[in-house]
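A.B. asks: Just so you know, the sequences run in chain order A and B.
Going by this note's numbering, the first residue of the first sequence is number 1, and it counts up by one from there.
Going by this note's numbering, the first residue of the second sequence is number 1001, and it counts up by one from there.
In short, the hints are calculated from the structure, not lab data.
Computed from a predicted structure; not experimentally measured.
You may find that some hints are simply not true.
To be verified - Under the rule of at most 30 Å between Cα atoms (straight-line distance), these lysine-lysine pairs were calculated in the DSS-like manner: (1) B:Lys1115 <-> A:Lys189; (2) A:Lys135 <-> B:Lys1164; (3) A:Lys135 <-> A:Lys189; (4) A:Lys135 <-> B:Lys1115.
Said to hold, decoys possible - Here are some of the chain A residues that sit facing chain B, going by a computed Cβ distance under 10 Å: (5) Gly5; (6) Leu7; (7) Gly162.
We put the CB at the ideal spot given by N, CA and C, even for glycine.
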Amino acid sequence: MPEAGELQRPRGALDIARVFNRMALQGFGGVLAVAQRELVERERWMTPAQFLELLSIGQILPGPNIVNMALIIGNRFCGWRGAAAALAGMLCLPLLIVLLLAVLYRETMSQPMVAGALRGMGAVAAGLVIGTALKLVGSLRHSPLGRPAAASVALLTLLAIGVWRWPMVVVVLGLGGASVAFAWWRLGK
Amino acid sequence: MSTLLFGAHGLDGGVLLSLFLHFGMLSLLAIGGAITTAPDMQRYVVGEHGWLSDAQFTTSVAIAQAAPGPNVLFVAVVGWNIAGLAGVAATLAGSLLPSATLAMAASRFGDVRRKSRGMRAFTNGMAPLTLGLLLATGWILTEPVRNSPGAMLLVPFTVVMLVKTRISPIWLVAVGAVVGAFGLTG
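One chain only, chain B, in its complex shape (with noise of 0.2 Å):
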């Protein structure tokens, strides 16, 4: 029952505030969304410091991805699976906490003046790093399912469906999680 609410490394202080510090300062670079955020994280988490493996990272992406809410709450299973329930205090608000206090500020110290040189310069500027780091955020995920043809071929499926349909993402996900139980995704 602990390690269900307090995980491996439950009320451990220093990864807590590790956890804390290392999202919040990704709140701020999530220039293109949380998502972007992944490959970092798993970067930390799994390479630095080995509190999870690069299943168990990709496993609380799908599982956020299933469930109803915004895709940020991936970085609550994040925490959960290092440190339980402290741990997802730590990512999320880590994760949120940045970000909203900038947002709360921009929306009650005046309107943004997105016309202007400075934002045009900003927005298209960082527009083709958004796209290279979600292209590298989903590259990242596959890294538990390169070795199976079977997943592979998923991915493709689901980028054509997404890309020229307009199937729901929950659809394409059930889809993933009945051919994986059928054993096609070993």
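Pulled out of the complex, with its shape left as it was, chain A reads as follows (with noise of 0.2 Å):
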């Protein structure tokens, strides 16, 4: 693992897209995975102490985690140059695969094992979104809002969102407001 002294630079806008280029072709399910290994063990562009910040930077800003870590990344050392390079490098390819798997399927669908494959994978893809829901259970034992409350708004937005189907926007700014007001009445107490 770098040190801060020890730490490498990108080569410019290029060998950033060169990277995260390599580190998206390894993410199979997901970037974040291999986004560590290769920014901060083969790259040594950071500490990791550095790349967790700016994991907690990339999930506080909305959309994509990875997708907002490139760009912060890429920004930081090639300007908007090394940012359109990072998330360009990340997502080329990786659309160019999905596409051609997409008209693959399109073109195959009609054979039962084709079909049955992608139920399959839907029900696991279904499978592995509610683990990663369960894993974050442990760090909301914690909560500033206490665990009655956590667990409400978690099951109210369950209902809402998965039962009702309200809109999102509803839900994130109507019960997503409410709970950070009471978290920040929380927090000054």
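Please assemble the complex out of the two chains, which come individually in their own frames, going by the hints.
C.D. replies: And the structure:
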């Protein structure tokens, strides 16, 4: 693991694109896991602590965490060109692959084995998302909201979005706003 | 060939603009990442407009999970299914431009003061929402296969594997594909 004094820098926007491209192509089921290995251990562009800091910022900002991180990292090293290079590197080839797979599926989906395989993959995709959710439960144990409030907000969100199918804007601004206000109040006590 | 490139709704400007604007709004609401907006995307493109079926939507997510790269690319598959390459441009630009602009602004205009009371209220206040959104998303994704015991067994199997082991998600997707191919998810 690099210490602060041993850090390297990318050689330019193209270098950034190259690294983010390589990172994305290894990222099956998501890029974040690979990102630390590539950026911290292999390229030594940042320390583990810096990586975590960037991850936190990426999570606070709306949108895909890894996309936000790519933009911030690219910008820090090479300005807007670096940001664009990071984004392009991370998305171009994977986009092409994903669309080719979509075409392939479209052409073969009438075959029962293919249709069945995609149903299975869909079920797994659902499981992966639920599993990700369950991994977060632990971090809510010590929420400043208190466990009853945190659990209630989570449950209400699940019902509102998953069952009652309310528009997301209503839930995020309404329930989210209330939850944030409550958290603000609790943090001031 | 033209439906391959342009989809059923092709260069219908109204559809493309609606997609771009709605996905753009969701981009700014995506506090838990792009996948947490999937239920609303599904509500919009399947429920409200009927541009896609449930099955097509979930399949789009599954394809993006199976492929390398950021999972946000599922919106590209959704866009392609609706309106071909133009649809991809609409959904991808919508999903990325607003949040990317915000990220660039945050990166340029100073340090995000994460320890301030306001920031901590935001992250702690939104955290249970993210949990609920993810659970809702998982539930929505099971919609096309709720009638299949085999498929519904894959869900807890995947959850256990993901939480209790360090098996990479791609292997779990592969298991799902094989189980499905053998007709166990009918």
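A.B. asks: Run every hint past the structure and note whether it holds.
C.D. replies: Hints, one by one, checked against the model:
1. B:Lys1115 <-> A:Lys189: 16 Å, holds
2. A:Lys135 <-> B:Lys1164: At roughly 10 Å apart (the allowed maximum being 30 Å), Lys1164 of chain B and Lys135 of chain A satisfy the hint.
3. A:Lys135 <-> A:Lys189: 29 Å, holds
4. A:Lys135 <-> B:Lys1115: 24 Å, holds
5. Gly5: Violated, because the Cβ-Cβ distance from Gly5 of chain A to chain B comes to roughly 22 Å (cut-off 10 Å).
6. Leu7: Hint on Leu7 of chain A: violated, closest Cβ of chain B at ~18 Å, above 10 Å.
7. Gly162: 3 Å, holds
The earlier numbered hints that this structure contradicts are 5, 6.
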